[in-house]
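Number of protein chains: 2
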Amino acid sequence: MPQKVRIALDAMGGDIGASVVVPGAAISLSRHPDSEFLLFGDRALIDPQLERHPALKAASRVVHTDVAVSMHDKPSQALRRGRKTSSMWLAIDAVKKGEADVAVSAGNTGALMAMARFHLRMMPGIDSPAIAGVWPTVRGDSVVLDLGATIGGDATHLKTLAVMGSAMARVLFNLERPTVGLLNIGVEEIKGGEEIRAAAEMLRAANLPNLDFIGFVEGDGIGRGAADVIVTEGFSGNIALKTAEGTARQISEYLRNAMGRTWRSKLGFLFARQAFRALRDKMDPGKSNGGVLLGLRGIVVKSHGGTDAEGFAYAVDVGYEMVHYDLLTKINQMLNRDGSAPAAQEAAS
Amino acid sequence: MPQKVRIALDAMGGDIGASVVVPGAAISLSRHPDSEFLLFGDRALIDPQLERHPALKAASRVVHTDVAVSMHDKPSQALRRGRKTSSMWLAIDAVKKGEADVAVSAGNTGALMAMARFHLRMMPGIDSPAIAGVWPTVRGDSVVLDLGATIGGDATHLKTLAVMGSAMARVLFNLERPTVGLLNIGVEEIKGGEEIRAAAEMLRAANLPNLDFIGFVEGDGIGRGAADVIVTEGFSGNIALKTAEGTARQISEYLRNAMGRTWRSKLGFLFARQAFRALRDKMDPGKSNGGVLLGLRGIVVKSHGGTDAEGFAYAVDVGYEMVHYDLLTKINQMLNRDGSAPAAQEAAS
Numbered sequence: 004m005p006q007k008v009r010i011a012l013d014a015m016g017g018d019i020g021a022s023v024v025v026p027g028a029a030i031s032l033s034r035h036p037d038s039e040f041l042l043f044g045d046r047a048l049i050d051p052q053l054e055r056h057p058a059l060k061a062a063s064r065v066v067h068t069d070v071a072v073s074m075h076d077k078p079s080q081a082l083r084r085g086r087k088t089s090s091m092w093l094a095i096d097a098v099k100k101g102e103a104d105v106a107v108s109a110g111n112t113g114a115l116m117a118m119a120r121f122h123l124r125m126m127p128g129i130d131s132p133a134i135a136g137v138w139p140t141v142r143g144d145s146v147v148l149d150l151g152a153t154i155g156g157d158a159t160h161l162k163t164l165a166v167m168g169s170a171m172a173r174v175l176f177n178l179e180r181p182t183v184g185l186l187n188i189g190v191e192e193i194k195g196g197e198e199i200r201a202a203a204e205m206l207r208a209a210n211l212p213n214l215d216f217i218g219f220v221e222g223d224g225i226g227r228g229a230a231d232v233i234v235t236e237g238f239s240g241n242i243a244l245k246t247a248e249g250t251a252r253q254i255s256e257y258l259r260n261a262m263g264r265t266w267r268s269k270l271g272f273l274f275a276r277q278a279f280r281a282l283r284d285k286m287d288p289g290k291s292n293g294g295v296l297l298g299l300r301g302i303v304v305k306s307h308g309g310t311d312a313e314g315f316a317y318a319v320d321v322g323y324e325m326v327h328y329d330l331l332t333k334i335n336q337m338l339n340r341d342g343s344a345p346a347a348q349e350a351a352s
Numbered sequence: 004m005p006q007k008v009r010i011a012l013d014a015m016g017g018d019i020g021a022s023v024v025v026p027g028a029a030i031s032l033s034r035h036p037d038s039e040f041l042l043f044g045d046r047a048l049i050d051p052q053l054e055r056h057p058a059l060k061a062a063s064r065v066v067h068t069d070v071a072v073s074m075h076d077k078p079s080q081a082l083r084r085g086r087k088t089s090s091m092w093l094a095i096d097a098v099k100k101g102e103a104d105v106a107v108s109a110g111n112t113g114a115l116m117a118m119a120r121f122h123l124r125m126m127p128g129i130d131s132p133a134i135a136g137v138w139p140t141v142r143g144d145s146v147v148l149d150l151g152a153t154i155g156g157d158a159t160h161l162k163t164l165a166v167m168g169s170a171m172a173r174v175l176f177n178l179e180r181p182t183v184g185l186l187n188i189g190v191e192e193i194k195g196g197e198e199i200r201a202a203a204e205m206l207r208a209a210n211l212p213n214l215d216f217i218g219f220v221e222g223d224g225i226g227r228g229a230a231d232v233i234v235t236e237g238f239s240g241n242i243a244l245k246t247a248e249g250t251a252r253q254i255s256e257y258l259r260n261a262m263g264r265t266w267r268s269k270l271g272f273l274f275a276r277q278a279f280r281a282l283r284d285k286m287d288p289g290k291s292n293g294g295v296l297l298g299l300r301g302i303v304v305k306s307h308g309g310t311d312a313e314g315f316a317y318a319v320d321v322g323y324e325m326v327h328y329d330l331l332t333k334i335n336q337m338l339n340r341d342g343s344a345p346a347a348q349e350a351a352s
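Protein chains in written order, with the working numbering: chain A, 4 to 352; chain B, 4 to 352.
Hints are computed from structural coordinates only; laboratory data are not their basis.
Some hints here could point you the wrong way.
[Stated by the list, open to error] Okay, derived cross-link-like pairs now, EDC-like style, lysine to aspartate or glutamate, Cα gap no bigger than 20 Å in a straight line:
no., chain 1, residue 1, chain 2, residue 2
1, B, Lys77, A, Glu197
2, A, Lys333, A, Glu197
3, A, Lys77, B, Asp329
4, A, Lys100, A, Asp311
5, B, Lys7, B, Asp223
6, A, Lys87, A, Asp69
Whenever a hint applies, use it, and build me the whole structure from the sequences.
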């Protein structure tokens, strides 16, 4: 583990760029004073922001580029135009070269994934990347993956997701043996593809020391916190995430309308303002802001594009934790330990 | 169209049975006086309930059976044990024999689907069934399908779902040309399976007079009401539905906790009680209670198993509307019209 956690920031990513990235990094630094930063982007935009945050300025080095990946670029366009020059590429490149331990970007997800995969390459034994997110639940936070990096995949892919997700939950939630559930649908006998059942068999047979497989979880189990880690392929994971966000937004709107309807409810709202603020914080997507790209030879964190400084700080925190508690080593160890027990797998299948 | 809408009820389905089914039917009858009912189940449980609802009693005939499909039976078990004898089977059988226009059951979804498919069989040109639900959105209600009847499926299957869903939206929402969106994930270039893109091509090319295809919709578009009909295969549809339910429950719990925390928020709650009641009604899964089994040679409605009389009444209402506005004919017409225009499809593909 390095003395300091070295964090590369794409200071031009996201809808707002440096005006969110720099204050966000400053917040995270105040929580983790053993961080240092490499900021990639337009110096004319970064420097004035840094002036306002002297502690961050002292812990940062700025590398100028005025090439930015647009939120609307397709991954292939981004690779063509932004390779070797864009702030996003340079942040990833710093990880590749060992100058940083983690890259954080609020930019275009598809571009970030394509660049990270192209430049960092996959970990040995892993075929395709995943995006893992921290999902607020009634019982605390859970890790949910894959949120959309890879569509479909066989039982081995699902098992790899389970291993990577539980490594992340160990790091983030400080758990010895996180519970892991496979997302499935509840109708008996048409219960999901064969690959999900086969993955369940494999996870049961492997009986990993750092992964407590609890079986299938339905969609409503995510918000209930039915497991510390919820595993599904990228299509249904993305649908689940977006549907939950849409439902939260829908209920906020209902609530706002219901509260503004009569003088009684308006008065009630005034009295309950604190409570509503607490609720809004719970429902705030910024709070669960920090998708981690998993499966790569390096750590890359995707922050929400439309976040504020506090949300970006949370994404930087997630990156910090991943480095500080050595996520990649944990994933490697779990994959290798598992690879050494093929007999147990065969016996149970 | 028959003079009266004849509704067959599985009076032993659901967690509660006749004590919910009978009062629910009574509520629906008060809204649609041109209904009549066949009630299948244990006469000893049904008759006392009917005594309390004389109008319903006058419009009903009870057919006794004491065989019930359990909520825990697997579909194959239900078919083995409950075929020809169970209340669920007999309700479906009444539709098969033309003695009823629609069957409504709050029983075990898998069993209902298996029995309906086995006994009613599929409509010509449709390979696999779907469950369609009414989803409350910010903009009003939408039809979402498939909620879990059939996992996966090719472009033709998705197109058939679009046709059936828009027929249902025409009937329920009284629309000439409902908007239809295909559920997809937003990351460019890994945008969902090939089958979704191919289905989009087919729907565009078909340019159906009663279906306004608007393209892809992401998960958060469902609650936003981005289209009158949202189409996806059964796995992701079920995940979306359950995840939304879980999120709504999670937010209710946050709200309850937030409201009970301080005397201020408790007081606020008292003033805003009406507003909260309105919100609860909006979020009530009972309100959107009525999954319709589509693709069969007959109409079968699945009510939520844990619903109350008002929720069951809503499911009966949905069944009534489907018959009254002739859902099956509309589906058939759309499928046939489409089949007669292969030239247009080829030209655009």
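Hints, verified against the model:
1. B:Lys77 <-> A:Glu197: 18 Å, holds
2. A:Lys333 <-> A:Glu197: 29 Å, violated
3. A:Lys77 <-> B:Asp329: 45 Å, violated
4. A:Lys100 <-> A:Asp311: With Cα atoms ~29 Å apart, Lys100 of chain A and Asp311 of chain A exceed 20 Å; violated.
5. B:Lys7 <-> B:Asp223: 40 Å, violated
6. A:Lys87 <-> A:Asp69: 12 Å, holds
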